[in-house]
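For the record, the sequence lines run as chains R and L. Heads up: the first sequence begins at 5 in the working numbering, then just goes up one per residue. Heads up: the second sequence begins at 4 in the working numbering, then just goes up one per residue.
One or more of the hints may lead you astray.
What the hints assert, rightly or not - Straight-line alpha carbon distances no greater than 30 Å define the calculated DSBU-like cross-link-like pairs of lysine-lysine that follow:
(1) L:K45 to L:K117
(2) R:K17 to L:K45
(3) L:K61 to L:K117
(4) L:K25 to L:K60
(5) L:K110 to L:K71
(6) L:K74 to L:K60
(7) L:K110 to R:K61
(8) L:K25 to L:K117
(9) R:K61 to R:K17
(10) L:K45 to L:K60
(11) L:K71 to L:K61
(12) L:K40 to L:K74
(13) L:K45 to R:K61
(14) L:K40 to R:K61
(15) L:K113 to R:K61
(16) L:K40 to R:K17
(17) L:K25 to L:K113
(18) L:K60 to L:K40
(19) L:K61 to L:K74
(20) L:K113 to L:K71
(21) L:K110 to R:K17
(22) L:K71 to L:K117
(23) L:K40 to L:K110
(24) L:K110 to L:K74
(25) R:K61 to L:K25
(26) L:K71 to L:K40
(27) L:K74 to R:K61
(28) L:K40 to L:K117
(29) L:K117 to L:K60
(30) L:K117 to R:K61
As the list claims (entries may be wrong) - Which chain R residues face chain L? A few, computed with CB under 8 Å, are given here:
(31) F49
(32) G62
(33) L94
Derived by calculation from the structure, the hints in this document are not laboratory data. Glycine included, every Cβ here is placed at the ideal spot set by N, Cα and C.
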Amino acid sequence: KAGVTQTPRYLIKTRGQQVTLSCSPISGHRSVSWYQQTPGQGLQFLFEYFSETQRNKGNFPGRFSGRQFSNSRSEMNVSTLELGDSALYLCASSLQSGTYSGNTIYFGEGSWLTVV
Amino acid sequence: GENVEQHPSTLSVQEGDSAVIKCTYSDSASNYFPWYKQELGKGPQLIIDIRSNVGEKKDQRIAVTLNKTAKHFSLHITETQPEDSAVYFCAASTGYGGSQGNLIFGKGTKLSVKP
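In isolation and in its complexed conformation, chain R is listed as follows (with noise of 0.2 Å):
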């Protein structure tokens, strides 16, 4: 069974620039979530969507945006680079939305960002 497949895995802009990245969950989960993480802040949750609908919003500003296609793949999009915005972005899937017995969370390799 598939894991979480982020792409692309590594990748660089420039500032101001713009910036999708893509996240395919596991077959049959419908719940996808979004993370930042960096060495000074360490993981941060950004969003989560379950069944197309955004469900909660981590505290990120409007240039950090995502959305969940039916077929429940994600992607996330970050818009007017900057310096700041350089971290790994790592995606989350599991079964459904909510913390009940047997609703796992797992996450996929991460797309590494850099913004030069």
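Using the hints, position chain L against chain R.
What follows is chain L alone, placed relative to chain R:
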């Protein structure tokens, strides 16, 4: 909002010894506490989790304990091996409103197991 504190930030043990990592949380509504292991260049891998209706859970060499009254939970690794070397993260989630809720992570513990 929820805040998760994790200690220690680094931990070095000899192979075969035990390792303990502790986390405290602030929101008494938190009900789900997973632990993740992250190796260099990889995403976090779930190693064990516990829910608020359980006080202890064990899986081979790994165990997690939860004290709801004190609002802290701990990861115990026994008979450590060099391949246990990694960064370990604790997390807490409230699952508000039926949502997965956001996982609030601790800052991580870099565990080094010396042969």
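Status of each hint after checking the structure:
{"no.": "1", "hint": "L:K45 to L:K117", "in the structure": "holds, 21 Å"}
{"no.": "2", "hint": "R:K17 to L:K45", "in the structure": "holds, 21 Å"}
{"no.": "3", "hint": "L:K61 to L:K117", "in the structure": "holds, 24 Å"}
{"no.": "4", "hint": "L:K25 to L:K60", "in the structure": "holds, 15 Å"}
{"no.": "5", "hint": "L:K110 to L:K71", "in the structure": "holds, 21 Å"}
{"no.": "6", "hint": "L:K74 to L:K60", "in the structure": "holds, 16 Å"}
{"no.": "7", "hint": "L:K110 to R:K61", "in the structure": "holds, 20 Å"}
{"no.": "8", "hint": "L:K25 to L:K117", "in the structure": "holds, 21 Å"}
{"no.": "9", "hint": "R:K61 to R:K17", "in the structure": "holds, 25 Å"}
{"no.": "10", "hint": "L:K45 to L:K60", "in the structure": "holds, 26 Å"}
{"no.": "11", "hint": "L:K71 to L:K61", "in the structure": "holds, 18 Å"}
{"no.": "12", "hint": "L:K40 to L:K74", "in the structure": "holds, 22 Å"}
{"no.": "13", "hint": "L:K45 to R:K61", "in the structure": "holds, 24 Å"}
{"no.": "14", "hint": "L:K40 to R:K61", "in the structure": "holds, 24 Å"}
{"no.": "15", "hint": "L:K113 to R:K61", "in the structure": "holds, 29 Å"}
{"no.": "16", "hint": "L:K40 to R:K17", "in the structure": "holds, 29 Å"}
{"no.": "17", "hint": "L:K25 to L:K113", "in the structure": "holds, 13 Å"}
{"no.": "18", "hint": "L:K60 to L:K40", "in the structure": "holds, 17 Å"}
{"no.": "19", "hint": "L:K61 to L:K74", "in the structure": "holds, 19 Å"}
{"no.": "20", "hint": "L:K113 to L:K71", "in the structure": "holds, 25 Å"}
{"no.": "21", "hint": "L:K110 to R:K17", "in the structure": "holds, 27 Å"}
{"no.": "22", "hint": "L:K71 to L:K117", "in the structure": "violated, 33 Å"}
{"no.": "23", "hint": "L:K40 to L:K110", "in the structure": "holds, 12 Å"}
{"no.": "24", "hint": "L:K110 to L:K74", "in the structure": "holds, 17 Å"}
{"no.": "25", "hint": "R:K61 to L:K25", "in the structure": "holds, 27 Å"}
{"no.": "26", "hint": "L:K71 to L:K40", "in the structure": "holds, 23 Å"}
{"no.": "27", "hint": "L:K74 to R:K61", "in the structure": "holds, 25 Å"}
{"no.": "28", "hint": "L:K40 to L:K117", "in the structure": "holds, 18 Å"}
{"no.": "29", "hint": "L:K117 to L:K60", "in the structure": "holds, 27 Å"}
{"no.": "30", "hint": "L:K117 to R:K61", "in the structure": "violated, 41 Å"}
{"no.": "31", "hint": "F49", "in the structure": "holds, 3 Å"}
{"no.": "32", "hint": "G62", "in the structure": "holds, 6 Å"}
{"no.": "33", "hint": "L94", "in the structure": "holds, 6 Å"}
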